[in-house]
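> These are the residues of each chain, in order.
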Amino acid sequence: MASGALTREQDVREAYSAHGSELYGFAVRSLGDAGLAEEAVQETFVRAWRAGERFDPQIGSLRTWLFAILRNVVIDLGRARAARPGVAEGGIEPSVEPLNEVLLSWQVEEALRRIGEDHRRVIVESFYRGRPYAEIAEELGVPEGTVKSRVYYGLRALRVALEETGYDG
Amino acid sequence: MTADHNREWRESLGAYALGHLSDEERAGLEAHLEGCADCRAELESLSAVGRLLPLADPEQLGTPPALPRDLGDRVMASIAGERRQSRRRRFRFGFALSGATAAIAAAAILAIFILPGGGEEAPSQEVAFASLPPKMQIGARLEPRPFGTELHVYVSGVRSGELCRVFLESKNGNRLSAGSFRYRWGGEDSQATLSSGLDLARTKAIGIRVGDRTFVESVDGGGEAS
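Those protein sequence lines, which keep their order, are chains E and U.
What the first sequence shows, in my numbering, is residues 344 to 512, in sequence order.
What the second sequence shows, in my numbering, is residues 13 to 238, in sequence order.
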């Protein structure tokens with residue numbers, strides 16, 4: 344038997360405490376519905392457990408593997424939702440944004456959350472809010488060159504964080 | 013060119029990738045890029061990241077939604093259920109390999125204690141339907157009762173409101189309805205409790221008709237793939 348990382352209940356418990364929160368965040372953002380997101384996370388760990396012996400830590404991280412499973416679960420739930428007519432009984436119609444785009448949006452947002460505050464701040468202020476570097480520099484009390492270099496190191500950190508969220512583009 | 017000078021160009025690459033440099037700065041950096049393959053490669057990689065930025069909604073960058081407190085318990089409960097099922101499968105597999113003598117002895121015990129009376133002597137059974145479309149899951153727990161068999165059936169991945177009709181197949185091939193339920197998506201509990209007059213010990217298979225599709229899985233342990 345291969346020594347997979349998810350062959351004991353203790354492994355699942357540890358995997359859940361390490362990654363459950365992020366997986367749930369991803370599921371909520373993708374599905375737009377907390378109840379469905381809970382179902383998706385639960386299903387992810389069940390599928391992971393069933394395939395636990397096939398998980399090989401030498402090929403990729405547990406986190407990447409769980410995200411790949413969750414992504415499939417979300418796609419399956421999205422398909423089921425697309426096939427379902429009308430509004431669910433007693434429920435709120437969940438988000439209908441194109442699924443792949445939402446997955447990608449979540450990955451970028453999650454990556455932005457994961458990088459350091461200094462880096463995130465300059466990217467948000469300059470890119471999303473369109474503020475000039477001089478203004479940001481003044482607000483932060485640092486030279487303008489520092490803002491510029493933080494944008495550079497911020498994008499580099501973002502690149503690593505994106506890979507961690509499973510982005511493979 | 014000094015290392016510091018090089019670093020200055022390099023640290024401008026992020027601003028360049030995002031289109032934040034002045035015309036003058038841009039012209040200077042482009043002249044440097046002509047002769048620096050490392051910076052060109054780095055720029056390409058950073059530009060790819062920069063192209064993804066418009067996909068994010070900066071309003072979403074706050075605190076992510078809190079993990080529901082009992083979700084971990086529910087995950088572990090599902091895993092415990094899975095483990096019970098796989099133990100049973102392993103047991104069955106071991107039984108198949110354990111040699112003719114043991115098999116005959118066990119068959120004799122089954123014949124003496126279970127087959128004649130049926131009913132409550134039969135152990136309860138967990139059944140996971142194996143051949144299903146990828147998004148669908150069906151499972152059932154069958155428990156012996158004085159009246160016959162109590163069934164706990166759970167499905168997921170089917171259309172909300174879909175009618176699911178459940179039947180048990182006896183060892184002599186008769187199909188007896190065990191009732192029906194509708195799967196409601198987003199409901200608190202997707203499990204239905206049904207009952208049948210057929211003794212569990214006389215039950216060969218459980219079937220479920222979902223819309224116009226029928227799925228059957230064996231119950232007695234003889235036919236289930238492990």
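These are computed hints drawn from the structure, not numbers from a lab.
All values derive from a computational prediction rather than experimental measurement.
Keep in mind that a hint or two might mislead.
What the hints assert, rightly or not - Covered stretches of chain E (in silico footprint by chain U; criterion: 3 or more residues with CB under 8 angstroms from a CB of chain U, positions within the stretch not fixed): (1) 393-405; (2) 476-486.
To be verified - Partner residues aside, some chain U positions facing chain E, computed with beta carbon under 10 angstroms: (3) Gly26; (4) Leu33; (5) Ala53.
Cβ coordinates follow ideal geometry from the N, Cα and C atoms, glycine included.
> Against which earlier hints does the structure fall short, listed by number upward?
1, 2, 5
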